[in-house]
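Undergrad: As a plain string of letters, each chain reads:
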Amino acid sequence: MADAEFERVRAAQAERNAAGKKGGRDTQRKNDTKASMTSNFDTELYGNDSGDKFAGYNTSIATADEDDAMAIDAEDAESGKLVGQYTATSAQMNEWTTGDAAEADILDSREKQAQIANRETDYQKRRFQRNLNEETEGQTYREAMQERELQREEERVKRAIEDKRKETIAKGDDEEMTGVEQHQATLKDGSAGEGATQAVVEEDGQPKPRARKRRWDSSEEPTANGEAAAAEGASANGGTATKRSRWDSAAAPDGEARKSKWDVAPGTNGATQSTTPATPVQPIVGFGTEVSSRNAALSDEELDAMLPCEGFKILTPPPGYEPLRAPVRRLAPPATPVNTGGFMMQQPVDARSMGKQLPSDIPGVGDLQFFKTEDMTYFSKLVDGADENELSVEDLKQRKIMRLLLKVKNGTPPMRKTALRQLTDNARHFGAGPLFDQILPLLMEKSLEDQERHLLVKVIDRVLYKLDELVRPYVHKILVVIEPLLIDQDYYARVEGREIISNLSKAAGLAHMISTMRPDIDHVDEYVRNTTARAFAVVASALGIPTLLPFLKAVCKSKKSWQARHTGVKIVQQIPILMGCAVLPHLRGLVDCIGENLNDEQPKVRTVTSLALGALAEASHPYGIESFDDILNPLWTGARKQRGKGLAGYLKAVGYIIPLMDEEYSNYYTSQIMEILLREFATPDEEMKKVVLKVVSQCSGTSGVHPGFLKDTVLPDFFKNFWVRRMALDKRNYKSVVETTVDLANKVGCAAIMKQIVPNLRDESEAYRKMTVETIEKVLSSLGSADLDHRLAEQLVDGIVYAFQEQSVEDIVMLNGFGTVAVSLGERIKEYLPQIYTTILVRLNNKSATVRQQAADLISQLAPVMRQCNEDALMGRLGGVLYEYLGEEYPEVLGSILGAMRSIVSVVGISSMQPPIKDLLPRLTPILRNRHEKVQENTIDLVGRIADRGPESVNAREWMRICFELLDMLKAHKKGIRRAANNTFGFIAKAIGPQDVLATLLNNLRVAERQSRVCTAVAIGIVAETCAPFTVLPALMNEYRVPELNVQNGVLKSLSFLFEYIGEMAKDYVYAVVPLLEDALIDRDQVHRQTAASVVKHVALGVVGLGCEDAMLHLLNLLWPNLFETSPHVIDRVIEAIDAIRLSVGTGPVMNYVWAGLFHPARKVRTPYWRLYNDAYVQSADAMVPYYPPVEDEKMKRHELMIVL
Amino acid sequence: MADKLRTQQQLESLQNKYIGTGHADTTKHEWLSNIARDSYSSYQGHPSLLSYMAIGMGKCEERVRAECMEKMVLPVGPKPEVEQG
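So the sequences go chain by chain: F and D.
For the first sequence, counting from 1, position 269 maps to 269 in UniProt numbering; every step adds exactly one.
For the second sequence, counting from 1, position 29 maps to 29 in UniProt numbering; every step adds exactly one.
Excised from the complex, chain D in its bound form (with noise of 0.2 Å):
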C-alpha cells in the first residue's frame, strides 16, 4: 500500500518534470502529440538535421525552423471527442 502511493507520488513529480512521459491511461492523442513535439523540437536542436530538410523542401533553414515551431501547437489535429463513456 505504501509502496504504491510513493510510485504514485513518484510519477507525479516526474511528469511534472517531463511532460512527455507517460502512465497507464495515457491516450494514444496525448501520446501522439508528445512523440510529434519531440521530434519537431529535435529537427531543430540538430542543425545539420535542419539543413538538410530545408535542402529537401527547397525552403530556407530558418523557415524550416519557423514551421517546425508552428506545427508543435496541436500537432496532430485537436483532442478527439470523446464518445459517452
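Chain F with its partners taken away, still in its complex shape (with noise of 0.2 Å):
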C-alpha cells in the first residue's frame, strides 16, 4: 500500500482523535511523541495516577458539629486541667467492654449489622428518645411553646437539685455517706462526679461559681433545699424567676427528701433523662407484673442461693432507696419464652431461623421478600382473619395502605413498584392521617434497615407531591423522623433527607414551616436543636434565604434564651455548609445576623458564632470581605481574650477571612493574629493543633503576607513543635503537618524547607522518615529542586535511598517520594545511578514479592531520568535483568517488571532496547495468555507498542501467532484491555498486511460468545481502517454470504464500526454496500435491520455534503417501514437513522414523509412520526419553515412567502 494512502488514514485518525466523540480515542495511535512512562499510558481509562479519585468527594461529614464536641472540653479547660487529653484509645478502652467481642462481632447475624441503629453512634441514637406522639395533632403554636417552657423548667429544676446533691455529697456532711463514698479523688479537684454531671454541664453553661467540694473546705453553707436552688438558677437563666411551673413544686419535695446518689440509675444522665416527657418519678412495676418474668429483679431467695453465705454481710439499703425499673417500651411481648425455672435450652430468636413460624404471604399481599418479627408490631392486622365485609371504611382503607406500605417495604421489585404507584395515585384519597399515622412509625422502628428506609422515606416523598398542603398538620412528625437523616453517615440518607425537607416546605410555605420548628429551636435536647437547625437551613435553601432572614434576625437576638440564640446561629453557619457559594447574594444580611452575637455573654454562641462566620467565608471565597467588615475587628479582638475551644473556633474563622482579604490587609490582619498562633503552636490539644495548622496554611497562601515574615517569625517555631517525631504517629496531624509545610515552601522557597527536614529521612522512627519522604515530594514536585545547593542535593539522595531501603512496610508514597526525587534532580541524580542501581538489583532478588515489585516500580519511574543521564548502558544491563525475571510467579510482581520493561523500551527505542525485541517478543507470547489483569494490561501495551513501532523487527508468522493470543483478549473484564487488543490488531495488521489477520477476526465471528464477537467487529473496523477500507471490504461483504445469523449480524455490525471510523472516506464505498443493505433492511430478524439502521446511520453522517443523495433516499425508502417498530433498541436505531439521513438528503424531503402521518386517524400511526416531526423541529427548526405544507383555508396562508420581484 501507498504511503500517501497511509498518511490519509493516519489524517483521518488524528482527527478521530481529536474529536474524540467515541470515547475510542486512545494515544497509543500516535507516533509522533513519546508517551510518558511514568504516568498510566491510556490516562482517560486508568487515570493519570496522581492524586486519588475520590478527591473532591466529600468522604465524611462530622455529625456532631465541632462545637458540641468542644463544649466538653471547654468545661475541662476552664475547671484548670492543664494536661490535655493524655488517654488510652477508645478502642483499648473498648476491648473489655463486651468480653470476647472479635468473635461475638463475626458470629453476629448479617441482619443485625445491616440495621442502621446498630451503626449508629450514640449521639445519633437519641432519635429514639423523641417521641412521635408528643404533640397532639390539632397542637396550636402557644400549646407547643408552653410545652417546651415546661420541658425547659423540668430541666432546669432537675439539674438544679442534681447539683445540690453533688454538693451535698461532696460536703460529705451527708450521714448516709460513710463506707464507699469516701473514696473520692482528691485529685480531681472540685469535680467529684465529673462524669456525671458533664452533661448536666454542657446542656447549662452557665458560668456558675465551682463547686468547692473537699470536705475540709465547709465555710460555704450549704444551700438549704432544691427549691431556693432553683429559683437562684432561674434568675441566672435570664430573669424569669417569676414563672413557675407544676414542674417546681413536684420537684421540690424531692429536694427536701436529701435524695442520695443511689437514686440516679447508673449509665442515665439528667440529659438525656429529660427528653422523655414521662412523670418525674418512674412508676414503680409491682414485682411479678412484669411481661416477662425473666425481666424480672432477683429474689432474695435466688440472691441466697447463688452468693456464698460465709464471708459476705447482707447490708441494709440506704433510707431513701427506691429500685429504679426500666419502663416497658414495646407494645409487643418480646419474643422469649416463659422461664419456668429448671435448665432450659436456649432458643434462637433469629427472625429468619424461625422463618417457618413467621407468615411470608400475608392476605392480599401475596409471597413477600421477608417479614421479620418486627414487623408483626405494624402489620400484625393484616393476618388477624377478620372479615373484610364487616370492617368499616375507614378500617377498610387503613388495611389497604398497611398492604400497600408491606409490600413496598418487604416486597418483591415488581411488587414494589406497583404497590409504590397506587399509593402515590390515591395518596389524596387516602388522606395525609391514616397514611403517615402508619408510615412515621415504621421508621422510628429500631430494627429498620437502610433499604427500608430509603423505601419508606420514597413513599414520603411520593406522597408529599400529591398531599401538597393537606401535609400541614403532620409537618412536625415528618421533621422528628426525617431530620436523623441528615445527620446521618451515609451520604445518600443526607441527600435524602434533604430532599424530603425541601419538598416538605415547598408544599407547607414558609409561615407554617416557621411556626412548627419555632418551638423546637429552643428545646431543652442539645440534638432535637442541631437536627433542627440543619432542618431550617434545608428550608432557607428551598424558600430562599431572602425569606428566611428577618425571622432568623430575631432568633439571632433571641433574649429569651441563649439556646434559641445558638441555634440561630447554627442555622446560619448550616447555610453556607449546604448552599456554598449561593450564599453570596445575602452575604451581608447573614454575617449582620449573626455579627452581634461574637459578643454574647454565652461562650457557646460565641464559639458557635466564630465557625459560622468560617462557614461564610469559606463558601464566599475569594469574594465578600465588605461583608465582613463589621465583624473583622470584634473577631480579632475577640480571638485575643479567647482561650482553649473558643480560640479554635475564632482562629478557623479568621483563617477563612484572611483570603478574602486584599494584601494590604492580609499582612496587617496576619501580623495581628500570627503572635496568638506562635503561643498556640506549643498546645498540647490536638484539635488546636489542626486549627492552627489550617491558619498557618491560609495566611500563608495569601499574597499579602511576606516569605520574610514567615521565615523569621513562624518556621523556627514551626520546626521546633510540629517537626517532632510524636505528630507522625496520628495520621491526621501527620496529614495537615504536611499540608502545611507544603504551603509554607510554596511561599518561602523550597531550600529554606527542605534544608531543616531532610536530615529527618535517616530518623530512627519509620512513620517519620515516611512524613519526611510525603512532605519532599510535594515539595518537589510543586516547586523543583533548582534552588537546593550540591551539599543539600547529596543528602537528600543519601537520605532518600537510607529511607527507601529501611522501609519494613512497603509503601507507595516511599515509591513515589523516591521518583519525584530523581526526576526533579534530573540530571544531578548521575553520580549517585551506580548505587541506586545496585540497591534495585539487590530488592528486585528479595524474598518478599512486595519488595521486588516495588524495585520493578521504581525501575519504571527511574527509567527517564536514566535516559536523561545518558545512561543507556544501565538501562541495557537493567533490561537483561528484568528479562531473566519474566519467569516471575506472582503476577502482581511479573505485571511490575512487565511496566519496567515497558518504560525502558519507551525511553531507549525499539531499535536500541537491550535484550534485542526479537528475543523478547517470543518470551512475551505465552505471557499473553495470563488471566491477571496486570499482566495483561502490561503485556498488551508492551506488545502493542513493540508493533506501533518496529513490528519488523519480528517475523509475520510470530505475529500471526500472537494475533491468535490476542483474540483470548478480547474477552477480556477491563475495556482497557479490550480496547488495547484491538489497536494492536491494527498494528499488525498494518505491519503483515490485513489478509491474514482478516482471515483469523472473520472466523472469530462465529463464536458464540457475543462480547467477543462485537470486539472482531470493532477489530475489523479497525483494521479497515489502518489497512483502508478496501482491502477489507470486499472480503467482509463475501463474509455476508455465508447463511448464518450471528455472521452476518457480525459483518454488518464491523460495517457499523468501518463506516464510523472512515468517516467522509465512505463516500466512495456508498454505492458498493448498498445492495447489501436493501438485503439487510428487508430482513425478517428485526435485530438484523436495527444494525443495517446504525451502519445507515454511520454511513449518511459520513457523506453528508458529498453528493450520494439518491443512494440515502433509496436507503430511507428501505428504512421507513421500520418506523413501527415497537422494541425500544430497533426503534432507536431506525430513528437515528433517519436523523442521519435528514442531514445528509436535507429537512425537506424528509419533512415530505412526515408530512403525511402528523394527522393519520389512527394513534399508532401518529405517534411515531410525532416523534420524527419533535426530533427534527429540535434538531433543524428553522429550516423546516420554507418546507411547511400549504394549507388551502384563507387564513392560514402564509403571504410573505408568495412575494416575487
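FYI, nobody ran anything at the bench for these hints, they're computed from the structure.
As the structure is a computational prediction, the values presented were derived from the model and not from experiment.
Be aware that a few hints might be false.
Said to hold, decoys possible - Distance condition first, Cα-Cα at most 30 Å in a straight line; then the derived BS3-like pairs of lysine-lysine: (1) Lys71(D) / Lys918(F); (2) Lys17(D) / Lys458(F); (3) Lys694(F) / Lys770(F); (4) Lys1067(F) / Lys971(F); (5) Lys17(D) / Lys506(F); (6) Lys720(F) / Lys641(F); (7) Lys1195(F) / Lys17(D); (8) Lys59(D) / Lys1195(F); (9) Lys711(F) / Lys690(F); (10) Lys166(F) / Lys125(F); (11) Lys975(F) / Lys934(F); (12) Lys1197(F) / Lys59(D); (13) Lys1164(F) / Lys71(D).
Dock chain one against chain two, each of which comes alone in its own frame, and use the hints as you go.
TA: Laid out in C-alpha cells, this is it:
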C-alpha cells in the first residue's frame, strides 16, 4: 500500500482522535510523540495516577458539630486542667466492655449489621428519644411553646436538684455517706462526680461558681433546698424567676428528702432523661406484674442460693432508696420463652431461623421477600383474619394502606413498584392522616435497615407531592422522623433527608414551617436543636435565604434564651455548608444577623458564631470581604480574649477570612493574629493543633504575607513544635503537618524548608521518615529542586535511598517520593545512579514479593531520568536483568516487571533495546495467556508498542501467533485491555498486511460469545481503517453470504464500526454496500434491520454534502417502514438513521415523508410520526420553515412567502 | 410499562423546552399556530429575507418586522369552538 494512503488514514485517525466523540480516543496511535512511562499509558481509562480518585468528594462529615464536641473539653479547660487528653484509645478502653467481642462480631447475624441503629453513634441514637406522640395533631403554636417552656423548667429544676445533691455528697456531711463514698479522688479537684455532671453542665453552660467540694472546705453554707436552688438558677437563666411551673412544686419535695446518689440509675444522665416527658418519678412496677418474669429482679431467695453465705454480709439499703425500673418500651411482648425455672435450652430468636413461624405470605399481599418479627407489631392486623365485609370504610382504608406499605417495604421489586404507584395515585384519597400514622412509626423502628428506610422515605417523598398543603398537620411529625437523616453517616441518606425537607417546606409554606419548628429552636435537648438547625438550613435553601432572614435575625437576637441564639447562629452556619457560594448575594444579611453574637455572654454562642463566620467566609471565597468588615474588629479582639476551644473557633474564622482580604489588609491582620498562633503552637490539644496548622497554611497562601516574615517569625517555632516524631504517629496530625509544610514551602521557597526536613530522612522512626518523604515529594513536585545546593542534594539522595532501603512495610509513598526526587534532580542524580542500581538489583532479588514489585516499579519511575543522564548502558543491564525475571510467578510482580520493561523500551527506543526485541517478543507471547489483569494490561501495552514502533524486528509468523493469543484478550473484563488488544490488531495488520489478520478475525465472528464477536467487529473496523477499506470490504461482504445469523450480524456490525471510523472516505464505498444494506433492511430478523439501520446512520453521517443523496434516499425508502417497530432498541436505531439521512439529504425531502402521518386517523401511526417531527423540530426548526405544507384555508396562508420581485 | 412512563416523561420535558413540539393529540389548530409563529420568527431572524419582503410589500423593513411580530399573536385566529364531544 502506498505511503500516501497511509498518510490519509493517519490523518483521518488523528482527526477522529482529536474529536474523541466515541470515547475511543487513545494515545497509542500517535507516532510522533513518545508517551510518558511514569504515568499510565491510557490516562482516559486508568486515570492519571496522580491524586486519589475520590478527590473532591465529601468523604465524611462530622455528625455532631465541633463546637459541641468542643464544649465538653472547654469545660475541662475552664476547670483548670493543664494537661490535655492523655488517655487510652477508645479501642483499648472498649476492649473488655463486650467480653470476647471479636468472636461475637463474626457470629453477629448479617441483618443485625444491616440495621441502621447498630451503626449509629450514641449521639445519633438519641433520635429514638424523640417522641412521635409527643404532640397531638391539633396542637397550636402557643401550646407547643408552653410545652417547651415546661420542659425547660423541668430540666432546670432537675439540674438544680442534681447540683445540690452533688454538693451535699461532696461535702460529706450526709449521714449516709460512710464507706464507699469516701473513696473520691481528691486529685480531681472540684469535680467529684464530673463524669456524671458533664452532660448537665454542657446543657447549662452557665458560668456558675465552682463548687468547693473538699470536705474540709466547709466554710460555705449548704444551700437550703431544691426550691431555693431552683429560684437561683432561674434568675441566672434570664430573669424568669417569677414564672413557676408545676414542675417546681413537684420536684421540691424530692430535694428536701435528701436524695442520695443511689437514686440515679447508672448510665443515665440528666440530659437524656429529660427528653421523655414522663413523670419525674418512674412508676414502680410491682414485682411479678412484668410481662416476662425473666426481666424481673432476682429475689432474696435466689440471691441466697447464688452467693456464698460465709464471708459476706447483707447490707441494708440506705434509707430513701427506691429501685428504679426500666419502663416497658415495647408494646409487643418479646419473643422469649417464659422461664419455668430449671434448665432450659436456649432458643434461637433469630427471625430468619424461625422463618416458618412467621408468615411470608400475608393475605391480600402475596409472597414477600421477608417478614421480620418486628413487622408483626405494625402489620399484625393483616393476619387477624377479620372479615373484610364487616369492617368500616376507615378500617378498610387503613388495611389497604398497610398492605401497600408492606409490599413496598418487604416486597419484590415489581410488587414494590406497583404498590408505590398505587400509594402515590391514591394519596389524596387515603388522606394525610391515615398515611403518615402508619409510615412514620415504621421509620422509628429500631431494627430498620437501609433499604427499608430508603423505600419508606421514597414513599413519603412521592406522597408529599400529591398531598401538597394537606400535609400541614403532619409537618412536625415528619420532621421528627426525617431530621435524623440529616446527620446520618451515609451521604445518600443525607441527600434524601434534604430533599424531603425541602419538598415539605415547599408544600407547607414558610409560615407554617417556621411556626412548626420554632418551638424546637430552644428545645432542652441539644440533639433536637442541632437537627432543627440543619433542617432550617434546608428550608432556607429551598425557599430562599431572603425570606428566612428576618426570622433568623429575630432568633439570633433572642433575649429569652441563649439556646435560641445558639440554634439561630447554627442555622446560619449550616446555610453556607449546604449552599456553597450561593450565599454570596445574601452574605451581608447573614453576617449582620450573627455579627453581634460574637460578643454574646454565652461562650457556646460565641464559639458557634465564630464557626458560622468561618463557614460563610469559606463558602464565599474569594469574594465578599466587604460584608465581613463589621465583624473583623470584634473577631480579632475576641481572639485575644479567648482560650481553649473558644479560641479554636475564632482562629478558624480568622483563617477563612484572611484569604478574602486584599494584600495590604491580609498582611496587617495576619501579623495581628500571628502572635496568638505562635503561642498556640505549643498547645497539647490535638484539635487546636489542627486548627493552628490550617490557619498557618491559609495565611501563608495569601499574597499579602511576605516570605521574609514567615521565615523569621513562623518557621523556627513551626519546626520546633510540629516537626517532631510524635506528630507522625497520628494520621490526622501527619496529614495536616504535611499540608501546612507544603503551603509554607510554596511561600518561602524550597530550600528553606528542605534544609530543615532532609536530615529527618535518616531518623530512626519509620513513620517520621515517611512523613518527611511525603512532604519532600509534594514540595519538589510543585517547586522543583533548582535551589538546592550540591550538599543538600547529596544529603537528600543519600537520605531517600536510606529511607527506601529501611522501610519495613513497602509503601507507595516511599516509591513516589524516590521517583519525584530523581525526576526533579534530573542530571544531578547521575553520580548516584550506580548506587541506586545496586540497591534495585538487591531488592529485585529479595524473597518478599512486595519488595521485588516495588523495585520493579522504581525502575519504571527512574527510566526517564536514566535516559536524561545518558545511562543507556545501565538501562541495558537493567533490561537484561528484568528479562531474566520474566519467569516471575507472582502476577502482581510480573506485571510490575513488564511495566518496568515497557518504560525502558519507550525511553531507549525499539532499535537499541537490550535484550533485542526479537528475543523479547517470543518470551512475551506465552505471557499473553496470563489471565491476571495487571499482567495483561502491561503485556498488551508492551506488545502494542512493539507492533506500533518496530514490527519489522519479528517475523510474520510470530505476529500471527500473537494475533491468536489476542483473540482471547477480547474477552477481558477490563475495557482498557480490550481496547489495547483491538488497537494491536490494527498495528499487526499494518505490519504484515490485512489478509491473514482479517481471516483470523472473520473466523472469530462465528464464535458463540457475544462480547468476543462485538470486539472482533471493532477489530475489523480498525483493520479496515488502518489498511484502507478496500482491502477489507470485499472479504467482509463476501462473508455476509454465509447463511448464518451470527456471522451476518457480525458483518453488519463490523460495517457499522468501519463506516464510523472511516467517516468521509465512505463516499467511495456507498454504492458498493447499498445492495447489501438493501438485503439487510428487508430481512425478517429484527436485529438484522436494527444493525443495518446503524450502518445506514454512519454511512449517512459520513457522506453529508458529498453527493450521495440518491443512495441515501433509496435507503430511506427501505428504512421508513421500520418506523412502526416497537422494540426500543430497534426503533431508536431506526430513528437515528432517519435523522442521519435527514442531515445528508436535507430537511425538506424527509419532512415530506413526515407530513403524511402527523394527522393520521390512527394514533398508532401518529405517535411515531410526531416523534420524528419533534426530532426534526429540535434539530433544524429553521430549516423546516420553507417546507411547511401549504394550507388551503385563507387565514392560514403565508402570504409573505408568495412575494415575487 | 416502565419504558412507556419514561418516554412520557421525556416527551413532557421536551415539550417544556420546545413549545413547537407536538404529540399524537396535538390539534391541527395548535400545530398551525405553531408553524405560523415559527415562520414569522424565522422571517424576522433572516435580515435578507426580511428586506426582500419589505421591498415586495413596499413598506419599510421595521414596519414589516413589527407586523410579523404582531401577527404572532393568534396567527391563525382563535381556537375553534369544540363541538359537542
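Undergrad: List, from low to high, the hint numbers that the structure doesn't satisfy.
TA: 1, 4, 13
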